[in-house]
Amino acid sequence: MNITREDVLRVAELANLELTEAEIATYGPQLASILSFCEKLNELDTASVEPLAQVLETAQAPEIAQVLETGRPATQSADDVTARQNLRPDEPRDAMVIAEVIRRAPEAVEAPTPYFRVPKVIDR
Amino acid sequence: MSATASWTVSTIRAALEARRISARELAGEFYARIESENPRLNAFLALSPERAYAQADAIDAKIARGEPLPALAGVPVALKDVLSTRGTETTAGSKILKGYVPPYDATAIERLDRAGAILLGKTNCDEFAMGSSNENSAYGPVHNPAALDRVPGGSSGGSAAAVAAGLAVAALGTDTGGSIRQPGALCGVPAFMPTYGRVSRYGLIAFASSLDRIGPFARSVEDVARVMEVIAGRDPLDATSAGHAVPSYLAEIDQPVKGLRLGIPSEYFGEGLDSAIREKVERGIARLKDLGCIPTPIEMRHTACAIPTYYLVATAEASSNLARFDGVRYGLRASGGTLADMYRKTRGQGFGPEVKRRIMLGTYALSAGYYDAYYLKAQKVRALIKGDFDRAFHQVDLILTPTSPVPAFRLGERTADPLAMYLADIYTVTGSLAGVTAISVPCGKVCGTLPVGLQIIGPHFEEGRVLRLARAFERAGGFEG
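Going down the list, the sequences are from chains X and W. Going by the working numbering, 111 is the number at position 105 of the first sequence; the sequence numbering is gapless. Going by the working numbering, 140 is the number at position 133 of the second sequence; the sequence numbering is gapless.
These are computed hints drawn from the structure, not numbers from a lab. It is possible that part of the hints are untrue.
Claimed, not checked - Short derived list, chain W residues pointing at chain X, Cβ under 7 Å:
#1 349
#2 352
#3 416
#4 418
#5 422
#6 426
#7 430
Predicted model, so just to flag it, every value in this text is computed and none were measured. Cβ coordinates follow ideal geometry from the N, Cα and C atoms, glycine included.
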């Protein structure tokens with residue numbers, strides 16, 4: 007397993023990370039060592055194994071799996087299922103006071119229309 | 008230490024009701040102790056006395072009026088700094104969130120608040136909960152109260168140390184690969200990881216969303232059960248929180264343990280396990296046999312693959328979750344250049360070395376050409392590891408293992424080699440990947456002062472069964488010295 011300087015720079019660009027020269031030099035060998043260790047997984051034959059993204063299907067009550075699979079409750083009223091599982095009613099409500107959020111930004115304009123300020127994106 | 012340092016939820020309740028102490032006086036004692044002890048432990052990053060005393064006064068008013076008290080009335084608790092708290096700085100142990108004050112409470116914290124708990128402040132942790140020693144905090148490491156030159160474990164090291172040192176009666180931590188259980192073991196306090204989905208993650212600053220759990224540290228298993236009754240349950244604000252009814256854990260913990268079948272997986276007692284810890288854990292298992300439990304050897308054959316699987320899955324999810332820290336909406340913003348420069352500089356300056364390393368690893372594992380070989384492969388092995396647990400729980404009621412292969416190590420001892428640090432999680436990442444529930448309970452000490460933890464793992468939503476055995480074990484004692 008070899009991670010080149012170019013590999014490190016490419017991944018850092020994908021991840022939007024500015025790295026120092028010292029970091030570029032150490033992350034290469036460290037990632038190589040960790041990824042070599044991860045190659046242990048190739049000793050296992052997983053050709054017939056379904057990937058597991060999360061344990062949710064077993065963590066939820068059975069009726070939820072049914073709803074997720076069919077998109078609708080087959081045997082119960084919509085209210086009944088909504089009350090018993092995790093999909094809350096689709097009703098709009100205030101999430102957070104915009105002013106509270108805007109106030110915490112590093113740079114923002116609060117009034118009259120609140121928005122976050124960022125460096126200019128488009129030159130014209 | 009003054010007497011209140013060893014008080015539990017029930018002793019606090021009795022003292023408040025008998026008016027031997029007021030909630031305000033009790034909170035004051037804990038703050039005084041924090042003031043004297045925290046300089047050498049570095050367990051707390053921020054305190055919230057205004058909120059704490061307001062809550063204490065409300066409890067005292069209820070007592071004066073003779074009103075019934077809520078479940079955790081007057082109980083001083085500490086909160087890991089990855090949990091959003093209204094009005095109190097929340098940094099996740101990172102420079103990138105320095106000065107950030109959330110406008111809302113995490114659901115678990117809101118529930119503690121409603122139950123009358125006194126929210127003392129925020130505890131130190133590895134940056135974004137990434138670490139096994141607390142040395143990745145941007146605000147300096149926590150020192151283990153049992154041996155100040157040693158780590159408290161991580162990532163919830165501040166919460167574990169605060170409870171162990173009597174600076175809080177209970178604390179919330181988070182566990183993604185062992186971050187509650189391992190510091191619980193290294194600091195010598197009960198430390199509980201609920202089933203995935205049992206406690207709402209709303210307001211938790213996400214590390215790896217398919218693995219993250221919130222759970223309590225306390226001075227006793229009974230208090231763990233009391234806190235769990237408050238924080239567990241469905242939350243409309245977290246679609247992954249489970250709809251299953253929350254049973255009375257307090258009623259369950261005193262049920263008999265005789266006849267419980269306890270699986271002992273040989274894979275957890277092999278190479279790499281400190282021999283003194285092995286002896287303690289084996290004595291603990293013998294003690295449970297004396298109580299009428301039935302230890303049974305079991306096989307969990309994909310255990311050796313758990314560390315690589317965990318570090319691929321967790322870092323992939325982290326690389327995505329941490330994309331939100333870009334200097335636009337909160338926290339640090341580096342200046343200069345274009346928008347893209349601002350993103351890169353903010354993240355480069357704001358994140359510490361381990362967080363950057365994990366973002367790099369996760370980004371690599373998800374990138375074109377490597378996705379199938381690393382991320383998809385890890386998800387498939389995750390299914391096999393979960394299969395090990397499914398099969399084991401057809402045979403046995405609970406599984407027993409050491410929590411950590413080694414006792415608390417010295418500060419700086421493992422920081423040079425990231426891979427060596429990752430191996431500290433070898434006995435805890437399996438349960439994280441499988442979504443099951445587990446506790447670490449104190450199981451004696453090695454080298455005179457260093458605590459050892461016994462891990463008890465149970466099937467999904469069998470928190471009560473795990474706590475029942477833990478309680479019986481704690482009561483039996485006999486493993487000290």
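Tested hints:
Using the Cβ-Cβ criterion of 7 Å, the hint placing residue 349(W) at the interface with chain X is satisfied: the shortest such distance is roughly 5 Å. A hinted interface residue such as residue 352(W) counts as satisfied when its beta carbon comes closer than 7 Å to some beta carbon of chain X; here the least separation is about 5 Å, so the hint holds. The interface hint given for residue 416(W) is violated, since its Cβ lies 20 Å from the closest Cβ of chain X, which is over the 7 Å cut-off. For residue 418(W), the interface hint is violated, since its Cβ never comes within 7 Å of a Cβ in chain X; the closest pair sits about 21 Å apart.
Residue-level restraint check for residue 422(W) is violated (minimum Cβ-Cβ distance to chain X is 12 Å; threshold 7 Å). The closest approach between the C-beta of residue 426(W) and any C-beta of chain X is roughly 6 Å, which is under the 7 Å cut-off, so the hint is satisfied. For residue 430(W), the interface hint is violated, the least distance from its beta-carbon to any beta-carbon of chain X being 10 Å, above 7 Å.
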